[in-house]
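Next come the chains, spelled out residue by residue.
There are 2 protein chains.
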Amino acid sequence: MTERTDYHIGGTPPETPGNDAAAGPWPATTVVGSRQPRIDAYERVSGTAVYPHDVSLPGMLHGAILRCPHAHARVLAVDTAAAEKMPGVAAVITAATPGADIPWYERDGGFASTLFDPHCRHQGEEVAAVAAETPLQAVDAIRAIRVTYEELPFVVDDTAALAPGAPAIHDGGNLIGEPRVRSRGDIAAGFAEAEVVVEGVYRTSCQIHAPMEPHGSVARWDGNRLTVWDSTQGVYDVQERLAAALELPRSSVRVIGPYMGGGFGSKLETGKYTVIATLLARMTARPVKIFLPREDCFTSTGNRPANTMTIKIGAKADGTLTAIEYASSGSGGAYFGDAGTGALPAYLYQVANLHAIDTTVHTNAGKARPMRAPGVPQAAWALEQAMDELAAKLGLDPLELRLRNIPATLQAGPGLPFTSQHLRECLVKGAEAFGWAEAVARPPDEGHLRRGVGLAAGMWFYSGGPPSTVVVKLHADGSANLNMGASDIGCGTKTWAAMIVAEELGVPLEQIQVEHADTATTQYATSSGGSKTVPSDSPAVLAAARSVKHQLIGFAAEQLGVPADDLVYADLALTSRSDPSKTLKVTEIGMLGRRGVVVGTGYREPNPEGSFTAPTCAQFCEVEVDTRTGGLRILRFLGAHDSGRVLNRLTFDNQVFGGMAMGIGLGVTEERVLDRQTGRMVNANLHDYKIPTMLDVAGDHACLPIDEPDHAFNTTGAKGLGEPATIPTAAAVGNAVARALGVRISDAPLTPRRILDALAAQRKEA
Amino acid sequence: MTERTDYHIGGTPPETPGNDAAAGPWPATTVVGSRQPRIDAYERVSGTAVYPHDVSLPGMLHGAILRCPHAHARVLAVDTAAAEKMPGVAAVITAATPGADIPWYERDGGFASTLFDPHCRHQGEEVAAVAAETPLQAVDAIRAIRVTYEELPFVVDDTAALAPGAPAIHDGGNLIGEPRVRSRGDIAAGFAEAEVVVEGVYRTSCQIHAPMEPHGSVARWDGNRLTVWDSTQGVYDVQERLAAALELPRSSVRVIGPYMGGGFGSKLETGKYTVIATLLARMTARPVKIFLPREDCFTSTGNRPANTMTIKIGAKADGTLTAIEYASSGSGGAYFGDAGTGALPAYLYQVANLHAIDTTVHTNAGKARPMRAPGVPQAAWALEQAMDELAAKLGLDPLELRLRNIPATLQAGPGLPFTSQHLRECLVKGAEAFGWAEAVARPPDEGHLRRGVGLAAGMWFYSGGPPSTVVVKLHADGSANLNMGASDIGCGTKTWAAMIVAEELGVPLEQIQVEHADTATTQYATSSGGSKTVPSDSPAVLAAARSVKHQLIGFAAEQLGVPADDLVYADLALTSRSDPSKTLKVTEIGMLGRRGVVVGTGYREPNPEGSFTAPTCAQFCEVEVDTRTGGLRILRFLGAHDSGRVLNRLTFDNQVFGGMAMGIGLGVTEERVLDRQTGRMVNANLHDYKIPTMLDVAGDHACLPIDEPDHAFNTTGAKGLGEPATIPTAAAVGNAVARALGVRISDAPLTPRRILDALAAQRKEA
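In order, the protein sequences belong to chains A and B.
Position 446 of the first sequence, counting from 1, maps to 446 under the working numbering, and the rest follow consecutively.
Heads up: take any position in the second sequence, counting from 1, add 766, and you land on the working numbering.
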């Protein structure tokens, strides 16, 4: 799951000027923290940005993959004779093709399958592939491949998968690993101490990542060197995986992904389609492009698993929590996937006695992959609704209940101090900005349109850290290039990185060009995921810019004949403190002119030991429910977020509103439906699978950053934001609906059907 | 011209581990110095390498340029109405188009013209341009443009250009700058002291660079950011020029040129075609490709000017030179071009009394541009043939005469010591390997086929130096990326650079990937020209590799718990001297694994002050002349070259043989012919302009490196080779022909016509 116990990696890096701890925390800023549109906005909106999906190479072939239509089957025979003779077909590959028997490992290193594994463990497994002159010729050809399957018994239900006699998906039973237990104190004593106890079972549905750009790659060989354009969240991960699969040195594998149309976690892994594209390209000596049809993205590129969460909370009459007991189960799918959710109940609130257990099982369905705060929005759906139930039982305002249980430390082991933690500010300032007190005081609506407000809090457990290397290159005319490995998966990475250089060196933002996400020409970064790109890479950007500044100061000191520490750098100029007549523009530094550029390299320093970094948040919303139709409108949302320093106020809003939209999807509209008769997904398309549209998420939304740099954490003081932004959303909607209707619906999404069912049950009881 | 008086630039760079002078000269090598095929050979020969000429972008338009057909004319009117309506035409640009009035400066900064200057000073000046859907539509459209010219009097002859009343090509007369004088001692006293004097007038013809890949560019705008693929010898020069012309920050201009099909000096300047492509791309909001037809390359992209050289040499009876008087004239063409040749007679031999004057004039012809050792092969044609005349008059072997006049210092100012200089070894070892003594002792041929041997020496005056920055990135699996700015203009830059990394770090050559020549993603280098890429950039590559090694040693020392200076690095492993059981493979270094990569940055250090670096050479050849046809066959050639350390023995051969081929062109086949009636070039095509073919240059050739690292010069000890390789070639052929025939032909090229004319004159005299 998401929690880091190995968050401190690294050691002492060699001293470089850019990594000078003595440079201390960042002073007051002018560019950083302002609202800046994306530096690549023109390219993105004009269509000139070349996403991997747009890559078109001379002589390029198009690939298509034949996938197993069954939930569980064994491939007995594959007849490609007809396909091979189809017009435009250049190559057909199956498990029998020499070189295609590539073992496929999970990200944790365990063996999972082979590239075209004859044992198909879910609908959508790869059986064969074709490269042809046109995309439609490729599709025609895979339809002409005749496959003989032996259909096998299947299971798509979590509980059924653990029942005796359930179909075996892998050797060794359907449990994925051992159930994970988080435990402290004495749970029985905690409940004995409680004056009030609430219990409940909450469920969420399986949500699909569904990024705008489908999954896919373009592969080209030059001799034994491979170039791959991939829609990925991490080019270096893909490089490492491809180098291993194809037995090449990493330097022979170039992975490029400068633009990509979203991933939300589903593009953290290397896809089999990428390796298939490289093999077809090698067989045909031509570039090959494979982008998945949307249906294949739905079945085969991951999901946020459905969870069933049982929670019991005990508290004293004053609201002090005494115990939480929590059990969560979910399916990782047919391969290794983590459906655990226990971190949030374990750590969001101060509670001495805890027992939380996560069980993850295999089913015959597409595997789970990390999806924006994996596990945590589900846990919030349970925990934060249970907290509201508890508040109601205690007669406390839900805000007040939460304020009485703010955690003092991360309650793991002996307790780790937070480098910074502003959950209280998120709740208090958020409530004030939202007008919480007024809203809860308002009398209930009388008619068929019922409004209600709700809040929920959240915490995120993945802080980021090394490794990250960044190079800043200052040109002799004072303009700059920034070179970093991180992917910009839509979050504005290029823009905040350029803003840091602009801030530190005084180069105007429009004179900074960012190169990134290319294993051959850009620096190293870990994948963009876990809300760690900003906290991992921003200190490296700052260090690289400081290295440039350090070198410029050295050159200028020599040129002006003054000691380096006598020079002040500001606005692309250096001036002597002791004799302000001695001044030099950066563009007048002779050594810069002679060298053409000055190159500064920055590394991400290790995180501090013995502490923990956790962004926190609170979201508040108001909804209106139509009791005649079950329709739910989001009227307004406010997100109060502590993610340390705000680098770009505009992308901060973007992230928060984007996270809310995705949380509304989890809470209100999205649900993967598997047919229990066939094990197939029946809504694997964007018509039947309900991603929230603009009309579903529109409202009077606001974003309130708690802009407190966390300098105990890193040099820029920035923490993650992307995942926290979606953590409390669904739960806040759930609480608002419960307040609006006077009845709690424990299962997400809150479809009209579920709302009408709940209202019917309510009327029946009344 | 070529001589450097400012060869020392720079100052003290900041201390970085990689630039550690204490690392000292390079020890014995295993990879460096071996024969290694190009690391990109597969791409080059298979056609997968994408040269700028191969770049094809989605939506790309094709440009064509309308050029003035007259030697001298004024554009009175341009009517583009018909062209604009032609099928496929997307844009037409002329001097009247808004934004096209861009001033055009010479490389020395002087104003020369405007982009579409109505004053056309030579055949081939740019008048208008078109962008269309296909290349042929663009050509059709420029043919439909109606231009009204006022034809002006023209001059294409150097001498006529200086005569009173000659057509004025620019304001201020047709002399380009002041004649350049090199002078020392007392020339009159020197000749008074002489016991033997020879005099002669030697001429060379105008030679065209004619690289395989024509000149051209592809331009694409993304908002206000520009990307240009250019067939250039220096991406940073093009970046600087485009940024200035288009008033953009340099970081907004990305110039890419990873492959290029030769330049020989003609691609050191930015072409107007490049700017025109950027303007057409901006007008149409589509990428635009302009590659010049071969005819335009002949008229408008430079040449090695024709020279007339008068030389007088005095010597004592023992062969000691007492005086050299030298005068050279040539045309720079219609714009600034240097036709000077005086360096070689001034510096090749020890002579106390010297007077050398270079005069360069404007004519109505395409401008001169630096061409492989600009000026020096012409000077060698004169000097080295005059030396043979002198040897004959003295009754000395030509080899012996030269050995008696080896220079002790560079005879400029008080005299500068050479960092190393092995002219004597070139002559002695070359003669030995060639069998010079035996060859000259052989009696003359009797029949119509006359064989003869000849030798000539050479020196090159451009040593290279800073700036250069290089980054080496070592991956956690021990493979590496090398990132440098230099263009690989065909000389094997990528290969020797990878060999240095392989040597220093022990990474296998095939696991090193080189990225280069991209202003956005690669490091800074000056243009590849002047034989300075190796001596300028190889020390930076070594410094970057050493920086990586230094960091690895630091990490390993910490991991093993030993002092850094106790560790020995060899074969990608580190071992303790004091306790060899303490050892670590590079791939086992934890910090490398955690960081993903280690990045080392290297800078080129300044050259030493108060000395001069000059590669030297001697070439020996044997020819056979058919006295019936005037046909000339090259039987064998041997080049003995001192270029310091040999990095790659195979590319060393390639460079020497390539230089010889080009020198054979100058001496035997190549000649631009301008029609004196029209001022137009009459052989502007590869059929009528005689580039030597394989049959013209084939023979029993050998290459003898004087492999002496010049560690007084730089850390790798390598000096330049590309230009020296072509310096003595034509002169050696001239001397061999004179020996074969007993008559000296003073004008190059030695065409059958000139040979037959000389034989006829010889018979007349006899």
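These are calculated hints, taken from the structure and not from any lab test.
All of these numbers come straight from a predicted model, not from anything done at the bench.
Among the hints, erroneous ones may be present.
Here are some of the chain A residues that sit facing chain B, going by a computed Cβ distance under 7 angstroms [claimed, not checked]:
#1 Gly47
#2 Ser56
#3 Gly59
Have a look at the derived ranges for each label pair, beta carbon to beta carbon [to be verified]:
#4 Ala285/A - Val967/B: 41 to 49 angstroms
#5 Pro1059/B - Leu509/A: 39 to 47 angstroms
#6 Tyr42/A - Arg1343/B: 54 to 62 angstroms
No residue lacks a Cβ here, since even glycine has one placed at the ideal position from N, Cα and C.
**Prompt:** Of the hints given before, which are not true for this structure?
**Reply:** 1, 3 and 4
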